[in-house]
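Student: Given the coordinates of chain A, assemble chains B and C onto it according to the supplied hints.
Chains as they are written, first to last, in this note's numbering: chain A, 1 to 996; chain B, 1001 to 1418; chain C, 2001 to 2093.
Hints were generated in silico from the structure; no laboratory data involved.
A portion of the hints provided could be inaccurate.
As the list claims (entries may be wrong) - Stretches of chain A that chain C covers, calculated by requiring three or more beta carbons in the stretch to come under 8 Å of a beta carbon on chain C: (1) 255-268; (2) 734-745; (3) 888-898.
Claimed, not checked - Just so you have them, the derived chain A footprint on chain B, three or more residues with Cβ under 8 Å: (4) 1121-1127; (5) 1141-1153; (6) 1183-1189; (7) 1325-1335.
Beta carbons: idealized from backbone N, C-alpha and C, even for Gly.
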Amino acid sequence: MSPRRARSGGLIDRGRAISFTFDGKAYTGHAGDTLASALLANGVTLFGRSFKYHRPRGVYTAGVDEPNALVTVLKDGVREPNIPATLLEIHDGLEADSQNRFPSLDFDLNAVNQLGGPLFSAGFYYKTFMGPVMGPLKGTRFWMFCEHFIRRAAGLGRAGYEKDPARYERMNAFCDVLVIGSGPAGLMAAEAAALAGKRVILAEQEPRLGGTANWSGETIGGVSAADWAEAMAEKLAAMDNVRLLARTTVWGYYDGNNLAALERVADHLATAPRGLPRHRHWSIRAAKVVLATGALERPIVFPGNDRPGVMLAGAAMRYANEFGVLPGERIAVFTNNDSAYRAAAALRKAGAAIVAIIDVRQDISAAARKLAEEAGVAPLTGHAVVGTAGKRLAKISAQRFDAATGRLSGDVRPIEVDCLAVSGGWSPAIHLASQAGGSPVWDEKLSAFLPPEPTQDWLGAGALTGAATTAEALSAGRRAGSAAVGAEAPSSALPEAASPTLDPFPAPVFEIKAKGKAFVDLQHDVTADDIRLAHREGFVSVEHLKRYTTLGMATDQGKTSNVPGLAIMAEARGLPIDRVGATRFRPPFAPVSIGSLAAETHRHLKPDRLTPMHDWHVERGGRMMPAGLWHRPMIYGELGETVEQAYIREAAAVRRSVGICDVSTLGKIAVKGPDAAEFLDRVYTNVFSTLPIGKARYGLMLREDGIVLDDGTTWRLGEHDFLMTTTTANAGKVMQHLEYLLDIVWPELRVHLTSVTDQWAGASVAGPNARKVLEACITGTGLDDAALPFMGIVHGAIDDVPVMICRLSFSGELAYEVYCGAGHGLHVWEALVEAGAPYGIVPYGLEALGTLRIEKGHVTGAEMDGRTTARDLYLDWMLSKKKPFVGSALMDREGLIDRNRIRLVGLISLDGQPLGGGAHIVEKGSLDDLGASIGHVTAFCYSPALQKYIGLALVKGGKARHGTRAFVSDPLRRRFGPVEIVSHHFFDPEGRRMHG
Amino acid sequence: MAEYSALALIRNAFSGNRDWKPAWRKPDPKPAYDVIIIGGGHGLATAYYLAKEHGITNVAVLEKGWLGSGNIGRNTTIVRSNYLLPESIRFYDFSVKMWENLSHELNYNVMFSQRGILNLAHSPAQADDYIRRGNAMLHGGGDAEWLTPAEIARKVPGVDVSGSARFPVVGGLLQPRAGTARHDAVAWGYARAADRRGVDIIENCEVVGFLREGDRIIGVSTTRGEIRAGKVGVAVAGSTSRLLKLAGIEQFPIESHVLQAFVSESIKPYVDCVVTFGGGHLYMSQSDKGGLVFGGDLDGYNSYAQRGNLPLVEEVMSEFVAMFPAVARLRLLRSWGGVMDMSMDGSPIIAKGPLPGMYLNCGWCYGGFKATPASGFSFAWTIAKDEPHPINAPYTLSRFERGIIIDEKGQGPTPKLH
Amino acid sequence: MLISCPYCGPRDLSEFSYQGDASRMRPDAASTDIKAWHDYVYNRPNPAGPHREYWQHTAGCRAHLIVTRDTLTHEIHEVTFARAALRAVGGRP
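Only chain A is shown next, with the shape it has when bound in the complex:
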């Protein structure tokens, strides 16, 4: 038997031993133990080191509010830092390490920080480390030097860089009532709502449903409270309309009664069954919420209150009752309220000696006295603990105390103990209520904040709303559950709860002022003196207090320190506590694994868009690159080829004979309806209503502010039937733009828009032999100039697949875009490649496509970057003067027609070196003396047609600089060289080839 395990009692499974390690040392516990209870049972009292002073710390609570006992869990080959030992269920093979200590937990060198005590007062770092004003350490250097060491000393656990192998899952759930918390109030609420036939979800953060029933030691309905809770849980589990979520923390209350919860599905298992996620993120939509989140105990602040062995009284009681563990053998209790007397009695019953009950109050209730008798000790009333001693708690000292004045008097009385159970009263767990409500309401008698008025649809019940006894909680829970579903309360009698009639009101004592460091925020080492210093320096509002001292900013988010901290500030200011203000709670209530929130998108942030010919490209050596969400071939590399060699080969082949390129990714929108032509006239800068059926036209679109939005060709397939194409990148944006205009600006237009991007596969066949290739495989149509003139459209079939062909050219060559149903895309593509074989048809990728378009001076996204006008791109010939269009009103504002704007030009490299996308253009300068930028390179390539490196650029003044020299300046990549500024129409400016 472990040294601190009680002989009997507790809900653990004593028949099942579990072995685990802590800091490499092997221990055993039982099924049902947390790491905290199991280590306590093994006599371990030292759990961790504090944030700032690296003081030794023990376990302080038994739940989600734990500030001290944080460990790193080693599992699945990765590290998970900062897990409270109080929430960590042990399993066979569990490995946990203490943290924030060097070299070991027992002996931590950084504990030297304690010597600097008063130096490291609140906010000390704002007052120093600024370094000299002059010299080599001026500016930020000295601070950064100091910061290096501060950063290493700070932080808690160490995280790893290895990919988390775990799987996370996301669930959407809908219910009529979400009950949060499964204590007596929550169980009753869930039952009442469920009996009314409503869909109920009951969420409990602990593994076992029942909340306080599991450790209160009371009886409910004539059986032990724990048994009652178990029976209730079984009853609810058997109902079809109830979903029970244990190990599930509801952490966020978002708009529209959307609650977020984290279910720890597999953390407690040695090995998770296949398919089970580690965590599950729940997004729950609840018509109503019942908050039965209970209350959290808070400490009294006194010197030495952080020594391992000091813990909250409720936690000590819970270890005894739920886990059968004695946190000490000689235990003292220190309290300002009656609840701790129950802890004393329970600990005594479990086998510990209660050596003292020290109560700040002079008078205590009869019920408390009776409990003290059960604990076998006469309470030392009107006294307070003023100090502690021992590396692990060995001794406390008490002194006479006047609760009204806070004054200490008389002799200091030493008492030998190994555990001190402290209670400073209870704070309702209003966190979720505060997320979905106004300002919390201070209750003077309870010395606690009660939940605020709801701003969303919830009801509170139980200790959250100040219920003092289990009986009250049971009836409030049932009332809330019924009210939540608008039903009558069940007619059955309420189960009877037997609990002592304790005084529910604590004495308003929050701090014992005596000599020594008294900690308010244990994890962040914020002392009562720090709070008073903040006050002296004017950081008096609750938010300033938090930020200046870091009170309540640690991983426990101040669950135990919030109210004592406020109380100390209130006293310093001479104000009532509620005038100091209340902290507003924000999500999450308790830390949430980031992996669970990323859930299924984890390794697949955005969908992959693949064209029907994707596999073909990959098989033919296509090197795929991202283009928005699409994957497109950059080049089809042959053995030993560089990227540049490949695209030059591909582009040259197009100019020489014929090439084929997958253009399926172009945005395609079917624009149909009697007003379709009118609609296009309004959205394009040029006229489409005059376009004959069977012809296509290049169109330009502006935004309302007169900046270029997109370009593309639109094909008239019928009187009321157009097929618009957009650039790949802007397909979605243009679709939304058009839908907006149609729904909102011109709702009277009879037009219907359908995105058909994914419905059509497209191949561009380009080059002098393009027509011959098509003629070799097409049936049902002629392709000569008469049948298919430039910008003409015909329908036919390739290998029995219906196709639509438009003769248009991005490359400047004779070229055709062949479209077919996406399902036939690969088939038609292969037929075209086969037909092209006699002409040496070459598939070409984005690089060659870019090269061909640069040679022609066609613009794409790099030039239409959301800042350029039609004039900047010398597309003003497309701005119709005959009609208004989107953008026409604002496109002529002075800033948009300024002569000095950067405008499109061509560049020729004069030193035979590449230009580099993103390089700038300067009139003079060098890499050592950068000149003023007059523009930048938007695209470049080696032009096989010109046998030179060329590029497109946006340069101040544009055309006016044609024929002049400048320099390309790319200091980021250390490139500088001479260029000639020329027209962007490099190749065949008259367009003879594509018309030919």
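Tutor: Then chains B and C, alone, in the frame of chain A:
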């Protein structure tokens, strides 16, 4: 001797830290001032520079809540000048230079740490874009470096540079002089320094109306009474439209949007520089306390509520894990929301007007924190001299009507996209 | 936030795209009044309180909706189809 120094700390440690003075006084408002600045964020810096640079000390800063409760205390603390357009580079680089000496200037450690900012690029087109920006920075007198994926892997272990990433990293733009500062310290440092020069910092003083003489603004009425002033500066970020409505200006090129920010639990040093993800919109750094501080896009709808919603939380976490797969095992500790004054081109407005006697500083979108020194400096200049300093001359209100827009992202007048 | 699309029913925020203020008045297409165009494109009332705004149900029926929502509380008061509503008033919000 400086009020704050290592020596002062030691001396005070021996006297039980009892002699520290309040960081700033808590005066009641006087009936009149030469200048009133509404807003205790950039307004604090403005007041400080009014006093220091222009000798105007009869100044009050009015803050409706506790000092620093606005966006100056709600941001992700990034300081950088990695901009594309010359106007922006000039302004923000000016600001970074001021940051470099700010702790000395204020005798307050604002903890500006130049650990750099790294923008990850995930496609050749994005790389070109970032290279264009880096070159613009260098030509504008700033600093920038281009890193290869291998260099990125060395500098920021944990970033997914594998080819199997959904958005593989092709390179990254580093600005070494960028970094982070302690946001609260900036508010407190400016407040204290302005206070020491005679500026009245008045908290819990909400402006509920403007005092006017014809068109001219001659003061404000507040929850603490009427206060007159020769000049009234408005620097209230997300509340700009609400304030201007009190002055009868019913519409303005600003929308208020909510932006969420997040911090993980504290861990030992994990990442040194600020890293941004180009496959979506995410920025992260590690605070000196050890928390990973990060944020993403706006929630994307007009809002004055300092609370965001769940879908955005999930989106941000997804991007975070995509960039840094190991953080899946870490835990989110806190989230909060701020209300951003999103302008129509993504750039601020620092100008005289729109009414006589009024001066306006707004439109910071979610980039206001890093601008604090330059914003305060140039706003003070504009107020004192009735004309802009060269660095804020482009940030006029008339630029929208005149089409001289400064659109870093090229998104057009769609504030949710800036 | 949950938006009740009149066509698809109540759906999560993440299915919708925000399209901004619904009180803006687009000048007549042929108007050359730059001031009016400037107001339409750049100026916003940006109220703190009820706000009429457009949302597109992009991951659903793709219709634009006019949503009346409180910018202080995010509470949604009313949702209608934009096109039908605007048609009824001759295209003027």
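Student: None of the hints should be skipped; say for each whether it holds.
Tutor: Results of checking the hints against the structure:
no. : hint      : result
1   : 255-268   : holds (count 3)
2   : 734-745   : holds (count 7)
3   : 888-898   : holds (count 3)
4   : 1121-1127 : holds (count 5)
5   : 1141-1153 : holds (count 3)
6   : 1183-1189 : holds (count 4)
7   : 1325-1335 : holds (count 11)
Comparing the model with each earlier hint shows no violations; every hint is respected.
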